[in-house]
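Student: Residues per chain are reported as follows:
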Amino acid sequence: MHGVPCRGGSGVKVLEATGIRKRFGGVVALSNGNLACNAGRITGLLGANGSGKSTISKIIAGVYHADAGQIRYKNKVVRYRTPNEARQNGIAMVFQNLSLVPDLTVWQNIVLGGEQSWGPFLNDARAKEIAREILDTLMPGLDLNRMLSELSPGEMQIVEIAKAIAARPKLLILDEPTAALEKAQVNSLFKFLRGLVKNKVAVVFTSHRLWEVMEICDDVTVFRNGENVAQIDFKKDGKDPERIVNHITGVSRTRAGHRARGRCRGRRFLHVKGLRYGETLKDVSFHLRKGEILGIGGLSGQGQHELMLALAGAYPTSTCTATIDGRRIRLNRPATAIRNGMLLVPGDRQLEGLFLKHSLFTNLVFPKLGLPRQPLFTPVARSREECAKAIDVLSIKVQNLETPVRTLSGGNQQKVVIGKWLSFDASVLLLADPAKGVDVGAKRDLYDFIHRQVREKKMSVILYASDNEELIQHCNRLMIMYEGQIVATLEGADITDDAIVATSMRVR
Amino acid sequence: MQAPGTAARGAARRFVARPEFSTLLILVVMFVLTAVLQQNFFEIKSIARNINAFTPLILITMGQAVIILAGGIDLSAGTALSLFTCVLTTVMRKADPWSGALALVVVFAVAMAVGIINGIGIGYLRIPPVIVTFATSFIWLGAALFLRPTPGGEAVEWFKAFYNVGAIEGVTDSFLKRFTDVIPPALLLVVIGCLFWAVVSKTRTGRYIYAVGSSNDSAYESGIDTARVQLRACLVNSTFILLAALFFVGQNQSGDARMGDPLTLRAIAAAVVGGIALTGGRGSVYFALVGALILSFVNKIIFFANISSAYQTLVGGAIVILAIAASQAYTLSNRRAR
Chain B
1 MHGVPCRGGS GVKVLEATGI RKRFGGVVAL SNGNLACNAG RITGLLGANG
51 SGKSTISKII AGVYHADAGQ IRYKNKVVRY RTPNEARQNG IAMVFQNLSL
101 VPDLTVWQNI VLGGEQSWGP FLNDARAKEI AREILDTLMP GLDLNRMLSE
151 LSPGEMQIVE IAKAIAARPK LLILDEPTAA LEKAQVNSLF KFLRGLVKNK
201 VAVVFTSHRL WEVMEICDDV TVFRNGENVA QIDFKKDGKD PERIVNHITG
251 VSRTRAGHRA RGRCRGRRFL HVKGLRYGET LKDVSFHLRK GEILGIGGLS
301 GQGQHELMLA LAGAYPTSTC TATIDGRRIR LNRPATAIRN GMLLVPGDRQ
351 LEGLFLKHSL FTNLVFPKLG LPRQPLFTPV ARSREECAKA IDVLSIKVQN
401 LETPVRTLSG GNQQKVVIGK WLSFDASVLL LADPAKGVDV GAKRDLYDFI
451 HRQVREKKMS VILYASDNEE LIQHCNRLMI MYEGQIVATL EGADITDDAI
501 VATSMRVR
Chain U
509 MQAPGTAARG AARRFVARPE FSTLLILVVM FVLTAVLQQN FFEIKSIARN
559 INAFTPLILI TMGQAVIILA GGIDLSAGTA LSLFTCVLTT VMRKADPWSG
609 ALALVVVFAV AMAVGIINGI GIGYLRIPPV IVTFATSFIW LGAALFLRPT
659 PGGEAVEWFK AFYNVGAIEG VTDSFLKRFT DVIPPALLLV VIGCLFWAVV
709 SKTRTGRYIY AVGSSNDSAY ESGIDTARVQ LRACLVNSTF ILLAALFFVG
759 QNQSGDARMG DPLTLRAIAA AVVGGIALTG GRGSVYFALV GALILSFVNK
809 IIFFANISSA YQTLVGGAIV ILAIAASQAY TLSNRRAR
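Protein chains in written order, with the numbering used here: chain B, 1 to 508; chain U, 509 to 846.
Hints were generated in silico from the structure; no laboratory data involved.
We put the beta carbon where it would ideally sit given N, CA and C, even for glycine.
Treat the hints with care, since some could be wrong.
Which bits of chain B does chain U cover? Going by a derived footprint, with three or more residues having C-beta under 8 Å, they are [said to hold, decoys possible]:
(1) 108-115
(2) 150-156
(3) 189-199
Estimated spans, in silico, between C-beta atoms of each pair [unchecked claim]:
(4) E402(B) to A520(U): 53 to 61 Å
(5) R736(U) to E402(B): 33 to 41 Å
(6) K458(B) to A785(U): 54 to 62 Å
(7) R736(U) to K457(B): 23 to 31 Å
(8) H65(B) to R736(U): 16 to 24 Å
(9) L356(B) to V613(U): 28 to 36 Å
(10) P375(B) to V536(U): 51 to 59 Å
(11) V544(U) to G278(B): 34 to 42 Å
(12) G278(B) to A520(U): 20 to 28 Å
(13) R736(U) to T496(B): 39 to 47 Å
(14) A621(U) to R382(B): 58 to 66 Å
(15) P379(B) to A818(U): 23 to 31 Å
(16) F355(B) to A561(U): 24 to 32 Å
Which stretches of chain U does chain B cover? Using the computed rule of at least three CB atoms under 8 Å from a CB of chain B, they are [as the list claims (entries may be wrong)]:
(17) 596-605
(18) 617-624
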C-alpha cells in the first residue's frame, strides 16, 4: 500500500501536494509525499520521527523547497520561496521548534512579521487589540505585556498558535502544538480550532498523542519512510487506533495493554526531606525504593521540571536533607549528584543533554572524562569498544561512531543521552519527559530498555512525563505536584487516568 | 479592592528590581564622586567642557549598541570614525566655504558605503560579525592612512559650529553665541542621535533589530528579512559614527587616521555597562548612553583623584569591572528574592 494518493473528503479542496521529493545531503527525507487539505476540515498528520511529515509541512509553508513534485493551492500551482510569502498568501504554520523571539513581549511576538503600521511607524495600539482579541478565546489570563522569556513552555506554545492565527490564514498547519500543553489548554485549543473550521479554514494537525488526533481530526494521513502510506477518513472508515499504529510502525504488533504496574517491595534507600528552591519548589519530601519507578505527574509547570533538576544538583541554592543508604548527601552540584549515582536524562535533549555538532563517540565518552582516577589520556580503543556495546544494547540506528548526533532522529538522540550513563553505576535514573517528541516505535524501545535496566541492575527511576498514559503504564507509584508541592501519591491499581486528572486539578 | 497608592508603589518596586535601576544608581554614584572631586563641576564652562569630552564616546556607544542589539558587534567603529575625519578634511578647502557642503555629501556617501559593506558581510554573507568588522577595520584604516598619512588637513571655518559657535571668526556677540555657550553643539548632536533612534525604534526596523538579535532563526521563520535588518542596523551605526566625526573635525579642524582606535573597545564596554547584552536583543540604546556617561565619569574621577598616571588605566579597568559586578549581583539578588 505504498504511495496511495490522497482523496479529498467533503468541502472545497484548498491544497493538494503531489509527488513531493526532498533530500538533505545524502538523506532522503521525502521520496513521494502527497497531502490534500479541505476547507472546513482538520486533517491529522501522523508518522514516526523522520517519516517526512514535518518536512512536507515545511515545504508547504515555504521553509524548505521541494526537489520535485507540485503543490496546488486554491487551484493554482504555487512555489513559495519564504515562509513570509506563504503567509501572505494565507498559509500559516505553527512551528514545532518555536518561532518566537524571547526578548520581545507577548503582543509583539503575536504580530511579529505582520505589524500594523501608520506609514513607516508601528501602530502598537491596533497590534495590542488584535493580540487581545485572539488571546481572549485561547488563554484569557495571559498578560500581553510580559516578556516571552518569562513564560512557561505551555504559555509559549499558546502564543505561537495565536501568532499563526493573527495572520488570518486559509490553511493553518500545526506541527505538534500540544506537546507542551496541559489538558485544559489542549481542550481550549480544540474548541478554538473547531471555531476556525466553521469559518472554512483548513487545518493540518500533527501530534504524537493518538487520542488527540482521534478527537479533533476529520481524517488522517499517515507517513512512513518519506511517503504517505495510508489515508483514513474517520467518518467513512471508523476510528481504529490499532490500525493507525500499525500504519505508523509498519509492523503489526499486539498491544501490551494498559494494566498498571504493582507496588514495589524494594528497600527504601533514598530519602529527600524538605526540598526547597525559590518559589517553584516548596517543601518537597519523598522516598524511593530499590527497583522502583516513581512517577511525577500533574499539570505542566507545577515544579516537576525543577524537581528533576534539583535532584540532579543543578541548583546551587536549593536546600534539602537527603540521604542515600543512610548517608547524608548534598544536592547542590551536578558532579556530586553524578558521584552518588543520580543521573539525569534532561527534558530538552538538544539543549541540555547532547553536544549536537559532535560525534556519537564524543557524546558517549564525555561524561566519563570527569570521573576520578581516569588515565591522563583516554584509552581510545577500549572506549570505542564500550561505545559500540552501548549502541548495540540500546539499538541505536547509526552507521558509525563518527556520525554527528545532530543528524540522528529524535528517538535515537534520546537513546544517546541514556547511553551516556550506561557505563556508570546508576542508583537513580532521573528521566525528564524522555519520550517527548519521540515516535511510537522508539518510545516502546526506550521504555523496554528502561524496564530491563531496572530489573537487571536493581536500578530505581524517577520519571516525569507530560503524557499521563506513560505514567500509568510504567510507574509503581505516582506523585502529583501542584504549585511546587506534592499534593497526592497514587500507588499500584490506584494509578488511573481519572485519578491523575482529578488530583492534578485538585478536584479530590 | 486596592488602595490607590498600592498600584503606584507596586510599579515603583518593580522598577527598583529592574537591572536598569542599578545602572542609574551607578551613574548617580559616579556623578556625585566627580562633582565632589572636580571643584568647579557645576560652573557652566566646565559643564560644557565635560559635555564636549563625553560626546564622541556617547555617540559611538549608541551606534555600537544598535549593532549589538541586532546580534552583531562592530570592531571597525573607531577606524570608521578616523576615516570619516580624514575624508572630511581632505575634501574641504579652508578658503572655500562651499567645499564644506561638498564634504558633507561625500562623507555621507562614505558612511553609507561603510555601513553597507559591514551589513553585507554580516547579514547577507553570514560571516561572523567579529570577523567581518575586524577585517573591515583594517580597510577603513588603510583608506584613512591613504588620504592622510599624518594628522592634518584643513576644514572650513563654519565647521566649528559642530563644536563651538563662538570660535567661528566673524560671529560676534550674537544670540546664537550666547545660546551655544549654555547649550554646546555637542549636546545638540547627542539629542539629534537620541531623536534619530527614537524615530527608528518606532518603525519596523527598530522592532526587528531586537527580534533578529534575540533569535535570528525565529525572526526569519516569522517572515522577517533578517539580512536586511542587520544591514539597516549597520547603516544606523554608521550614522552615529558620522555624527561623532562631524564633532571631531569641528573641534580639531583636522583629520587623523589613528584617533578613533581607542574608542572601539571603550564603546563596547560602555554598552555593556549600560546593560546591553552581548548576546543581542536585550538592552536599551538610551541606557547605553548612560553606560558611556558612567565610563566617562570614571575617567574624570581618576584624573581628579590624583592617581599617578602609571596606575590610571589599571584603576579605570578595576572600577568598570566592579561596577558591572555590582550591577549583576544586584540583579541576581532581586531575581532570587522574587
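Student: Now tell me, hint by hint, if it's right for this structure.
Tutor: Each hint, compared with the structure:
With 5 residues having a beta carbon nearer than 8 Å to a beta carbon of chain U, the stretch 108-115 of chain B meets the requirement of three or more and the stated coverage holds. Coverage of the stretch 150-156 of chain B by chain U is violated [criterion: at least 3 residues with CB-CB distance below 8 Å; count 0]. Counting residues of the stretch 189-199 of chain B whose C-beta sits closer than 8 Å to any C-beta of chain U gives 0, which falls short of three, so the coverage hint is violated. For the pair E402(B) and A520(U), the supplied restraint of 53 to 61 Å holds, since their beta-carbon distance comes to about 58 Å.
The beta-carbon spacing between R736(U) and E402(B), approximately 39 Å, falls within the hinted interval of 33 to 41 Å. One distance hint, 54 to 62 Å for the beta-carbon pair K458(B) and A785(U), is violated here, with the actual separation near 47 Å. The hint said 23 to 31 Å for the Cβ distance between R736(U) and K457(B), and at roughly 57 Å that hint is violated. Our hint of 16 to 24 Å for H65(B) and R736(U) holds, since their Cβ atoms are close to 21 Å apart.
The beta-carbon spacing between L356(B) and V613(U), approximately 50 Å, falls outside the hinted interval of 28 to 36 Å. For the hinted restraint 51 to 59 Å between P375(B) and V536(U), the CB-CB distance of approximately 57 Å keeps it satisfied. Between V544(U) and G278(B) the beta carbon distance is about 40 Å. The supplied range of 34 to 42 Å therefore holds. Between G278(B) and A520(U) the Cβ separation comes to about 23 Å, which falls inside the hinted range of 20 to 28 Å.
As the Cβ distance of R736(U) to T496(B) is approximately 56 Å, the hint placing it in 39 to 47 Å is violated. In this structure, A621(U) and R382(B) meet the distance hint of 58 to 66 Å, their C-beta atoms being roughly 59 Å apart. Checking the proposed 23 to 31 Å range against P379(B) and A818(U) shows it is violated: the Cβ atoms sit about 53 Å from each other. A beta carbon spacing of about 48 Å between F355(B) and A561(U) contradicts the range 24 to 32 Å that was offered as a hint.
For the stretch 596-605 of chain U, the stated coverage by chain B is not satisfied: 0 residues place a CB nearer than 8 Å to a CB of that chain, which falls below the threshold of 3. Three residues within the 8 Å Cβ limit are the bar, and the stretch 617-624 of chain U against chain B gives 0, so the coverage statement is violated.
In this structure, the earlier hints numbered 2, 3, 6, 7, 9, 13, 15, 16, 17, 18 are contradicted, and the remaining ones agree with it.
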